[in-house]
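**Student:** Residues per chain, in single letters:
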Amino acid sequence: MNSLMIKKEQWLKVAFVAITIWFIWFANSHFDEYTVRILNNIAIFIILAVSYNLINGVTGQFSLEPNGFVAIGAYVAALLLVSPDAKQYQYAIVDPYPFVLTLHANFVVALFLGGAFAATLAACLSFPVFRVRGDYLAIVTLGFGFIIKILAINTPEVTNGSLGLNDIPEFSNLYWTGGIAMIAVIVVLNIINSKFGRAMKAVRDDEDAAIAMGVNTFKAKTLAFCTSAFFEGVGGGLLAALLTSISPDLFDFFFTFQLLIIIVLGGLGSTTGAIIGTVLVMGGSEWMRFLDEPMHLFGYTTTAMPGMRMVVFSLGLIFIMLFAREGVMGKRELTDLLKWRKKGGK
Amino acid sequence: MILKIDNVTKNFGGVTAIKETSFSVAPKEIFGLIGPNGAGKTTMFNIITGNYVPTSGEVLFRNEAISGLKPHHIVRKGIARTFQNIRLFSSMSVLDNILIGFDFQARYGFLEAIVRFPRFIGEERRIKARAMEILDYFGMSALAHEKAVDLSYGQQRKVEIARALATNPDLLLLDEPAAGMNPSETEELGDIIKKARVDFDLTVLLIEHDMKFVNQLCDKVLVLDYGKTIFEGKPADAIQDPEVIAAYLGDFHND
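Residue numbers (our numbering), protein chains in the order written: chain C, 1 to 346; chain G, 1 to 255.
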């Protein structure tokens, strides 16, 4: 039975990879530029949501830091990607440090270093933070996000201050964003379906009982936090290479808030839920743009109401949370739903 | 002696929960820790498991001082426990609950899990097979994929003991295992503990209020009252000891 389940898991993964690759190819060759851009955004937010869900949902450690780690990833990648020539003319506030001008790397290295930087910082943060339990993590990580933004504004020698970095080569395309999103989902699922993931869930359910079973709960939390930070950094790098310019304002608390909405809507603790939540929130808010424009309803023509879609969007969110308290998926995954259907069929 | 409590005192602020208590547990013994509510029994458990550090005194496990070690290290040395109020992992299946007990015994690293190395697959198979063995021993392998919290109270107690046994302990601490059970469930539990002691090579230290249960099961008891030892010996003698009776029923003989 166990070997059968491992086999089933492998088949599902192969199917997932095949469908994703086919979809990326199909979208790239058939969809218009606007749709591809939205899909790029969705793919990046899938990376962020799935990894944020690992610490917030699976491990149950309420943290509010993604904007900080995404900013680090974005700035590290941008500094490495912008060509030294382009940098020469950008620093308008003060002269940059000489080493900033010489930094240069290719896309893969830049993304990886962005992630590695974020993960290293997460490891340093976890020592003070995970010594205590509960809401301290939320407060410390919230502060961390602010600190990163303030640092980005106040170190113009590196970050060009509030002007941000421009002329980032547009490396991100659907093959990169979709491919890395696919890898992120598989890596996170592989972690969840191992002893590390079980330990993380045990920490969420009952930390004292987990300790009494010999689980090193500090290690479980730190691993979840660092993995999450790594992918948030990588996602930040992809975002920088998609937008081609970044500034500190991009990474304010609203960024984290949006991710929080996504994972709560999808179901805290469910990777499938995080993906569904991303598609609903990112796709839905684009799709509902028609609400902002003048509409013809029952013979009347309404005037354009900018912001109408956010009203409808918020109402939709309230209704979903009223009828599905634990989000769309709860703690379940796609595989649980398949199992359930089989049981019902018997 | 597998466990030796040497002159342990524990103060919480001005309150002395345990005062200069010493006792030792011999290998393969079922040792009962009894006493009225607030006597310091659970505090003693928390000291043994490393959740509290004693104010003074020493806890020796197989002649090695363990007070001051982190709780999860003490588990790895071979001391497992259950809780007074059942504390299973509520979102997980029965099998996953047991597998948490194997967490530190599965030998593969983080990166090996991410890329699904052969060692990962082998180790997962090994611990899953052993977890199923333990469930089988408790007659619960059919429930392996049920959510642990959906089981009956008696079954949840058994899962908790099975989960503790999964850590491969030499010493098992049971905190009121029979609490909330009906007489037939209590009897079944007593049989399981006796059988598991032989089959898993266990020493058992248990806290219990049900004196009939203690009398049938324990080789030796220690009676605590307000942190002080008032009796140590055979359970049959304990119920006749005037000081023990006074502690439980109130001291009306001297009034």
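These are computed hints drawn from the structure, not numbers from a lab.
From the three backbone atoms N, C-alpha and C, an ideal C-beta is built for every residue, glycine too.
Worth double-checking, as some hints may not be accurate.
[What the hints assert, rightly or not] BS3-like cross-link-like pairs, simulated, lysine-lysine; straight-line CA separation at most 27 Å:
id	chain 1	residue 1	chain 2	residue 2
1	C	87	C	149
2	G	77	G	220
3	G	28	G	147
4	G	4	G	147
5	G	195	G	234
6	C	331	C	7
7	G	212	G	195
8	C	7	G	147
9	C	219	G	77
10	G	234	G	212
11	G	147	C	219
12	C	13	G	4
13	C	331	G	147
14	G	77	G	212
15	G	195	G	220
16	G	228	G	195
17	G	19	C	219
18	G	220	G	147
19	G	195	G	19
20	G	194	G	220
21	C	8	G	147
[As the list claims (entries may be wrong)] Over 12 Å on every C-beta distance to chain G, these chain C residues come out as not near it, computed from the model:
id	residue
22	91
23	134
24	247
25	337
**Student:** Each hint: holds or not?
**Tutor:** The hints, checked one at a time:
1. 87/C - 149/C: The given pair, whose Cα atoms are some 21 Å apart, holds under the 27 Å limit.
2. 77/G - 220/G: holds, 24 Å
3. 28/G - 147/G: violated, 33 Å
4. 4/G - 147/G: violated, 38 Å
5. 195/G - 234/G: Holds, because 21 Å separates the two Cα atoms, which is no more than 27 Å.
6. 331/C - 7/C: holds, 23 Å
7. 212/G - 195/G: Holds, at about 18 Å.
8. 7/C - 147/G: Measuring from Cα to Cα gives roughly 23 Å; hence the hint holds.
9. 219/C - 77/G: Holds: residue 219/C and residue 77/G sit about 18 Å apart, inside 27 Å.
10. 234/G - 212/G: holds, 13 Å
11. 147/G - 219/C: holds, 26 Å
12. 13/C - 4/G: Status violated; Cα separation ~52 Å.
13. 331/C - 147/G: holds, 13 Å
14. 77/G - 212/G: With a Cα-Cα distance of about 32 Å, the restraint between residue 77/G and residue 212/G is violated, given a limit of 27 Å.
15. 195/G - 220/G: holds, 18 Å
16. 228/G - 195/G: Given that 27 Å is the threshold and the Cα spacing comes to 32 Å, the pair is violated.
17. 19/G - 219/C: violated, 35 Å
18. 220/G - 147/G: With a Cα-Cα distance of about 37 Å, the restraint between residue 220/G and residue 147/G is violated, given a limit of 27 Å.
19. 195/G - 19/G: violated, 34 Å
20. 194/G - 220/G: holds, 14 Å
21. 8/C - 147/G: holds, 21 Å
22. 91: It holds; residue 91/C is separated from chain G by about 39 Å at its closest Cβ, greater than 12 Å.
23. 134: Residue 134/C is indeed farther than 12 Å from all Cβ atoms of chain G, at 17 Å.
24. 247: At roughly 34 Å from the nearest Cβ of chain G, residue 247/C sits farther out than 12 Å, so the non-interface label holds.
25. 337: holds, 15 Å
Taken one by one, the earlier hints fail for this structure at numbers 3, 4, 12, 14, 16, 17, 18, 19, listed in ascending order.
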